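S.K.: Sequence:
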Amino acid sequence: MGKAISVKIDLGGIEKKLSSQSLQIGKAAMMNQMMLDTNKYIPKKSGNLRASGRVVGNSIVYNPPYARAQYYGPKRKGFVSEKQRRFFFANKEELLAAKRKYTTPGTGTHWYEKSFKNANNIRNWKKVFIKAIDVDAT
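This note's numbering applies: residue 102 is where the sequence shown begins, and numbers increase by one.
In case anyone wonders, no lab produced these hints; they're calculated from the structure.
Any given hint could be a false lead.
Label-pair distances were calculated between CB atoms; the ranges are [claimed, not checked]:
id, residue 1, residue 2, range
1, LEU119, GLY207, 32 to 40 Å
2, ASN149, LEU119, 35 to 43 Å
3, LYS232, GLY158, 15 to 23 Å
4, ASN221, PRO166, 26 to 34 Å
5, TYR203, PRO166, 32 to 40 Å
With a straight-line Cα cutoff of 30 Å, these simulated DSSO-like cross-link-like pairs (lysine-lysine) come out [stated by the list, open to error]:
id, residue 1, residue 2
6, LYS146, LYS232
7, LYS145, LYS215
8, LYS232, LYS218
9, LYS202, LYS128
10, LYS145, LYS202
11, LYS145, LYS128
12, LYS145, LYS218
13, LYS228, LYS202
14, LYS215, LYS227
15, LYS146, LYS202
16, LYS128, LYS228
17, LYS218, LYS146
18, LYS128, LYS232
Since this is a predicted model, take the numbers as computed values, not measurements.
Glycine residues also receive a C-beta, built at the ideal position from the N, C-alpha and C atoms.
Generate the whole structure from the sequences, applying the supplied hints.
M.R.: This is the structure in structure tokens:
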């Protein structure tokens with residue numbers, strides 16, 4: 102279960118100039134940096150959701166069963182099926198009725214969209230990718 106964030110990276114024609122190994126190293130480094138830079142937007146009550154993030158292929162996956170509900174928010178219609186609700190959310194009505202109050206300022210739903218809006222993050226991800234593939238960007 103959990104929530105997977107797929108990341109599509111447009112590398113322009115650079116794939117033809119790099120070995121597949123250096124390209125994979127660059128992608129992995131950049132995605133790990135994306136996770137680090139996005140952590141400040143992820144709700145942190147106990148820290149388990151932030152700590153569960155992993156890079157799997159071209160996705161960043163958060164494993165707790167409540168990750169999807171945290172990402173989309175409690176008011177998203179149909180965010181879980183009845184079977185999933187019975188398994189994971191014995192107290193669904195209580196969860197949906199409560200106005201989501203995040204204890205950590207700046208956190209909330211759709212944390213990757215918030216991170217992508219920060220131009221410094223995008224510049225940082227580009228620098229990490231270039232450094233990982235060991236290319237002079239001047």
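S.K.: Does each hint hold? Answer for all of them.
M.R.: Verification of the supplied hints:
1. Restraint check, LEU119 to GLY207: a C-beta distance of roughly 36 Å satisfies the suggested window 32 to 40 Å.
2. Separation of ASN149 from LEU119 is about 37 Å and conforms to the stated range, judged on CB atoms against 35 to 43 Å.
3. Hint check: LYS232 to GLY158, Cβ distance near 22 Å, so the stated range 15 to 23 Å holds.
4. Hint check: ASN221 to PRO166, Cβ distance near 33 Å, so the stated range 26 to 34 Å holds.
5. In this structure, TYR203 and PRO166 break the distance hint of 32 to 40 Å, their C-beta atoms being roughly 19 Å apart.
6. In summary, the hint linking LYS146 to LYS232 is not supported, as the alpha carbons are separated by about 34 Å, beyond the 30 Å threshold.
7. For the given pair, LYS145 sits about 16 Å from LYS215 by alpha-carbon distance, which is consistent with the 30 Å threshold.
8. For the proposed pair LYS232 and LYS218, the alpha carbon gap of about 23 Å is at most 30 Å, so the pair holds.
9. A threshold of 30 Å between alpha carbons decides the hint, and for LYS202 with LYS128 the separation of about 34 Å lies outside it, so the pair is violated.
10. Distance check on the hinted pair: LYS145 and LYS202 sit about 11 Å apart at the alpha-carbon level, within 30 Å; holds.
11. For the suggested pair LYS145 and LYS128, the alpha carbons sit about 26 Å apart, so the restraint of at most 30 Å is met.
12. Straight-line distance between C-alpha atoms of LYS145 and LYS218 comes to about 20 Å, which keeps the hinted pair within the 30 Å bound.
13. A threshold of 30 Å between alpha carbons decides the hint, and for LYS228 with LYS202 the separation of about 35 Å lies outside it, so the pair is violated.
14. Taken as a hint, the LYS215 and LYS227 pair is honoured in the structure, with Cα atoms around 17 Å apart against an allowance of 30 Å.
15. As the CA atoms of LYS146 and LYS202 are separated by approximately 11 Å, the hinted pair is consistent with the 30 Å bound.
16. Annotation: proposed proximity of LYS128 to LYS228 holds, straight-line Cα distance about 12 Å (limit 30 Å).
17. Restraint check for LYS218 and LYS146: the C-alpha separation of about 24 Å stays at or below 30 Å, so the hint holds.
18. Straight-line distance between C-alpha atoms of LYS128 and LYS232 comes to about 11 Å, which keeps the hinted pair within the 30 Å bound.
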